[in-house]
Structures are given as C-alpha cells and as structure tokens.
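If you want the building blocks of each chain, they are given just below.
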Amino acid sequence: MTPDPQKTPAEPVSVTIATKNFGDIVVREDQIITFSPGLLGFSEFHRYVLIEHGQESPFLWLQSLDKPDLAFVVMDPAFVLPDYKIGPINGVQKELEVKSLQDLKVLVILTIPPGCPQDMTANLMGPLLINLANRRGKQLVLESSPYSHKHRVLPAKG
Amino acid sequence: MLILTRKIGEGIILGDDIRISIMEIRGKQIRIGIEAPQNVVVLREEIYQRIQEENLRAAGVRDVDLTEIAKIWKQKKD
Numbered sequence: 000m001t002p003d004p005q006k007t008p009a010e011p012v013s014v015t016i017a018t019k020n021f022g023d024i025v026v027r028e029d030q031i032i033t034f035s036p037g038l039l040g041f042s043e044f045h046r047y048v049l050i051e052h053g054q055e056s057p058f059l060w061l062q063s064l065d066k067p068d069l070a071f072v073v074m075d076p077a078f079v080l081p082d083y084k085i086g087p088i089n090g091v092q093k094e095l096e097v098k099s100l101q102d103l104k105v106l107v108i109l110t111i112p113p114g115c116p117q118d119m120t121a122n123l124m125g126p127l128l129i130n131l132a133n134r135r136g137k138q139l140v141l142e143s144s145p146y147s148h149k150h151r152v153l154p155a156k157g
Numbered sequence: 000m001l002i003l004t005r006k007i008g009e010g011i012i013l014g015d016d017i018r019i020s021i022m023e024i025r026g027k028q029i030r031i032g033i034e035a036p037q038n039v040v041v042l043r044e045e046i047y048q049r050i051q052e053e054n055l056r057a058a059g060v061r062d063v064d065l066t067e068i069a070k071i072w073k074q075k076k077d
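These protein sequence lines are chains A and B, in that order. Under numbering that gives the first Met the number 0, the first residue of the first sequence is numbered 0, with each subsequent residue one higher. Under numbering that gives the first Met the number 0, the first residue of the second sequence is numbered 0, with each subsequent residue one higher.
Certain hints may be false.
[Unchecked claim] Result set (DSSO-like, lysine-lysine): computed pairs, CA atoms no more than 27 angstroms apart in a straight line: (1) A:LYS104 with B:LYS70; (2) B:LYS75 with A:LYS149; (3) A:LYS156 with B:LYS27; (4) A:LYS84 with A:LYS19; (5) B:LYS6 with A:LYS149; (6) B:LYS6 with A:LYS156; (7) B:LYS75 with A:LYS84; (8) A:LYS149 with B:LYS73; (9) A:LYS149 with A:LYS84; (10) A:LYS104 with A:LYS84; (11) B:LYS70 with A:LYS156; (12) A:LYS104 with B:LYS27; (13) A:LYS84 with B:LYS73; (14) A:LYS149 with A:LYS66.
Derived by calculation from the structure, the hints in this document are not laboratory data. Nothing here was measured: the structure is a model prediction, and the numbers come from that model.
Pulled out of the complex, with its shape left as it was, chain B reads as follows (with noise of 0.2 angstroms):
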C-alpha cells in the first residue's frame, strides 16, 4: 500500500481525472473532497460493501420456483 503524507488543502491525484484533497481534520474525523467524474463510482466503503454483498447473496439464486413465489405473492395481494 502507498502512504502518503498530505497536509489540510493538499491532494493527490488519481490517473488523469480523479482528485482526492484533505478538506478538514476535527480530532479523529478527517473531511476528505473527491473530485471524479461522473461513471466513477465512489462510496463510502462500508455502503460500498453492503451493497456488493447483497448483491452476491441475491446472485446466488439457483433452482428457484419463482412461479410458486408468484404464488405466494398473490395471496398475499388478494
């Protein structure tokens, strides 16, 4: 991993068209600005996280009866 030593108002720059600048450090919290453009996806890791795994736990459909999920589905609209 590269380590880097950036002071409040410094960057660092990602490839091309990326920019990641140290806005503020409040004790432990440091506000971080990300400039990127648009089809760059940038989250939170945690969200980032969240989201991958559910969408691995709902890739994992296999042998499904979805016709009897249908099923279920009306009844429960009825």
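Chain A with its partners taken away, still in its complex shape (with noise of 0.2 angstroms):
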C-alpha cells in the first residue's frame, strides 16, 4: 500500500506539555532529547528538551516530556573546572553514533539545596552527553576518575 499523501504531516511534529516550571511548552519533534536508557533512577523517563535560562545564565534546565513535573538544572561542566575531561568515550561514541566531536555536548546535572543555592553542586561523576545531530542522549558514569558526584559549584560563605 502507497502512503496517502494527504495524510502525511507536512509539519514537523509537535508535542504540548504542561510542565510544572514553565507552564504549557511546545516542543517540536527536532527539538527532543532522547535518553535511551534514561538517567539512572529515572529509566522509564526518556524524552527531554533543553531549555535556556536566559542569555546571562550559564544554566539550562532539562525537562522531561513524559513527567512534566520532573525537570534538572544542568550546565556546561567548563563553567565548574575548566580543565574537566571525560576520558576515552569511543563505546559512547559508538552508541550515540557520534560522527563528529563537535556535535558532542557535555552537561553536569546541578543538586541545588532548597533555600541554600549558595551550596549547589555540581555531578561531575554522572556527566549527560548529548549528540547534537541525532539529539541521542546518555548519563555516562566515570567509575574511575577523580571526579566527585557532589563538586561544589560556589565557595563556601566565608
């Protein structure tokens, strides 16, 4: 059987999500992450979206599209240690199907305490990777490097 044409979407699809941070969201299908399998703790949970705090912000927030009100804060781990590595990535970049480095992004998920931000940290442990081409995500977790899940993203109130 042909595909009828006029049942083809000519429009990219869109999904409308009511999220508990930003309302009703409208998200086109060329904007969703995909975490297959999910963060760990969250497996059944894999579509996301990135989200801008704003043009003076380093943060992002990921939101999910399958649990509106499950979302994290998350920047880019040069922010927090300029020098940060992730080692040798070739089985994630096989799985990710990583064509070029450059569609590559690093992002560290932040744990900000309720009512003390100046205390956040930052999952240097439990970098996401996100490959920007075919928007295919994954928490890698680098067992053996000296990074900490809880690396102090402010210094401490003196």
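Dock the two chains into a complex; use the hints.
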C-alpha cells in the first residue's frame, strides 16, 4: 500500500506538555532529546528538551517530556572546572553514533539544596552526553575518575 | 533470589547476550568478568547507587529561583 499523501504530515510533529516550571510548552519533534536508557533512577523517562535559562545565565533546564514535574538544572562543566575531561568515550561515541566530536555536548547536573543555593553541587562523576546531530543522549558514569558526584560550584560563605 | 554455585572459569548467561564468568578467587575477593552489549549499564552497585541518589536529589528542584542563583553565580565570577 502506498501512503496517502493527504495523511502525511507536512509540518514537524510537536508535543505540548504542561510542565511544572514553565506551564504549557510546545516542543518540536526536532528538539526532543532521547536518553535511552534514561538517567539512572529515571530509566522509564526517555524524552527531554533543553531550555536555556537566559542569556546572562550559565544554566539550562533539562525538562522531561514524559513526566511534567521532572526537570533538572544542568550546565556546561567547563564553567565549574575549566579542565574537566571525561576521558576516552569510544564506546559511548559509537552508541550515540557521534560522527563529529563537535556534535557532542557535555553537561553536568546540578543539585541545588532548598534554601541554600550557595551550596549547590555539580555531579561531575555522572555527566550527560548528547549528540546534537541526532539528539541522542546518555548519562555516563566515570567510575575510575578523580571527579566527585558532589563538586561544589560556589565557594562556601566565609 | 536465584543462587548458583560456580567454579573458576565457569560462567552464567543472562538472556541472549550477557555472560558473567568467575575469573579468580583471592581470599574474600572474587574477580568477575562481564561480557555485555554496549548499551547495557554495568556498574559496581555502590557507584550506581551514588549516581542514582544524586539524580534523585537533583530532580527534587522545586520552585527554584534560577534567576536569583544566576545572580549569585555572576557575583562570584566578577
């Protein structure tokens, strides 16, 4: 059977989701990032979108499209540790089908304690890798690295 | 829980493509070999838990004033 051209969508498919932090957001299909498997502890949620917080801000939101009240604050680890390196990633590169390293985005998840943002930490041990070309992502665990899963982002109050 | 007894060099198959084998026994330590597809997460339990718990804590962000936090960040940089 040949597909009926009348039924072929001309516009990219979009998803509308009622998020806790942003209200209703419309996400185009080509903005959806798929983590398969999901983040550790959230293996059943695969689809996310990255939302920039603002021009002056180093932060981004990683908002789940499968669970409206699930969102992470993430940032480029270079802001936390300029010489941060994730080491050899041949396996992941293959898995995410990374053709050019320029397509590879590395982000780290921030833990912000309620009421004490000054004490926020970055999980440098479990970075997120995203292939921007096909929008496939994975949380890597750097088992034998010197990095902490609770790396302080801001200096403690003196 | 399924409990199996194995000798050095013997293995266990999980599904079609995961093989666990006993490599070496030294006192209280056992070296285990794991062959699994690339997309299967294989981690020491305590490391898995550490990252999982940190993800859970991070996902607890509720009513976070990120604009305020970005200000603190900017002050630190300047």
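Taking only the CA atoms, is the gap from LYS6 of chain B to LYS156 of chain A under or equal to 27 angstroms?
Violated, because 56 angstroms separates the two Cα atoms, which is more than 27 angstroms.
Hint check: LYS104 of chain A vs LYS84 of chain A, CA-CA at most 27 angstroms. Holds or violated?
12 angstroms, holds
Can the restraint linking LYS104 of chain A and LYS70 of chain B be considered satisfied, given a maximum Cα separation of 27 angstroms?
25 angstroms, holds
If you draw a straight line from the CA of LYS6 of chain B to the CA of LYS149 of chain A, is it 27 angstroms or shorter?
Given that 27 angstroms is the threshold and the Cα spacing comes to 40 angstroms, the pair is violated.
Hey, LYS75 of chain B versus LYS149 of chain A, does the alpha-carbon distance stay inside 27 angstroms?
19 angstroms, holds
Would you check the hint for LYS156 of chain A and LYS27 of chain B, treating anything up to 27 angstroms between C-alpha atoms as holding?
45 angstroms, violated
Given the proposed pairing of LYS84 of chain A with LYS73 of chain B, does the C-alpha separation stay at or below 27 angstroms?
24 angstroms, holds
Given hint LYS27 of chain B paired with LYS104 of chain A - CA-CA distance at most 27 angstroms:
Given pair LYS104 of chain A, LYS27 of chain B is violated - Cα atoms ~42 angstroms apart, limit 27 angstroms.
Starting from LYS84 of chain A, check that the Cα of LYS19 of chain A is at most 27 angstroms away, please.
Not OK: LYS84 of chain A and LYS19 of chain A at ~33 angstroms, beyond 27 angstroms, violated.
Hinted pair, alpha-carbon criterion (27 angstroms max): LYS70 of chain B, LYS156 of chain A. Please report holds or violated.
15 angstroms, holds
Between the alpha carbons of LYS149 of chain A and LYS73 of chain B, is the straight-line distance 27 angstroms or under?
21 angstroms, holds
Checking one constraint from the list: CA of LYS149 of chain A to CA of LYS84 of chain A, max 27 angstroms. Satisfied?
16 angstroms, holds
Consistency with the previously given hints fails for numbers 3, 4, 5, 6, 12, ordered from lowest to highest.
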